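Numbering (this note's numbering), first residue to last: -8 to 175.
Since the hints were made in silico from the structure, they are not lab data.
What you are looking at is a predicted structure, and each value in this text was computed from that prediction instead of being measured.
The beta-carbon is built from N, C-alpha and C at its ideal position, and this holds for glycine as well.
Check the hints yourself; a few may be wrong.
Unchecked claim - Straight-line distance between alpha carbons at most 30 Å, and here's what the computed DSBU-like set of lysine-lysine pairs gives: (1) 81 with 98; (2) 98 with 75; (3) 117 with 81.
To be verified - Pair by pair, the computed Cβ-Cβ distance ranges are: (4) 78 with 109: 43 to 49 Å; (5) 109 with 86: 20 to 26 Å; (6) 159 with 98: 30 to 36 Å.
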Amino acid sequence: MQKGTGFYHPRQQPIVIHLENAAINVLTDFKFVPPEKITADMFAHDALNEMNLTKVHSLLVTDGKDEIIGLIISKDIQGAQLTKIANASKIKITEVTVAMLMKPCDKILTIDLKNLSNARVGHIVKIMHDHSLSYLLVKESVDDSGEEIVRGIFSARQISKQLGFNISGDLSASTVADINKRVG
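Working from the sequences, and respecting the hints, build out all of it.
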């Protein structure tokens, strides 16, 4: 190798973004950042430990063939949902598995990567707010066969951090009006 040879720099998310910025700027793209995942048979508390170790708040749930079967988020593990499932199943909280708590694929709202070409951060904020989402998965068609892969994820927590205001929960009427005004 010659002196002065460069190296590949992964795309970094901007620290500060605005509603009018391209949505792709707040996407965690799995082409550059590998997704964190866990298998469905693991215990929910193990999933939370994994999230804490990897500093994420969601994990893709995979089966034995490493195919996505769901999504689990820290809010569900730490909230009332865990207790509700344990009580309904007549088991200890520590015995609740990821499979029992995860949101299955058919219940996960996704957006197609090709729809992001002109999308702005405000569009993603509006979708996430309107559907009360903490996460929005982005899918991509692999080829003409119709096969799809999960390409990335939008995180309400990350977007909130970059925007400087919380997009989860109740947005004020003026904030929603501002989003609608800015992104149409």
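Quick one, are residue 98 and residue 75 close enough, alpha carbons at most 30 Å? The given pair, whose Cα atoms are some 19 Å apart, holds under the 30 Å limit.
Is residue 117 close enough to residue 81, meaning Cα to Cα at most 30 Å? With Cα atoms ~39 Å apart, residue 117 and residue 81 exceed 30 Å; violated.
Using the beta carbons of residue 159 and residue 98, state whether their distance is inside 30 to 36 Å or not. Violated: the Cβ-Cβ distance is about 19 Å, outside 30 to 36 Å.
Take a quick look at whether residue 81 and residue 98 sit within 30 Å of each other, Cα to Cα. 25 Å, holds
Do the Cβ positions of residue 78 and residue 109 conform to the proposed distance bound of 43 to 49 Å? 47 Å, holds
Looking only at beta-carbon atoms, does the pair residue 109, residue 86 fall within the given range of 20 to 26 Å? 47 Å, violated
Checked against the numbered hints given earlier, this structure breaks hints 3, 5, 6; the rest are met.
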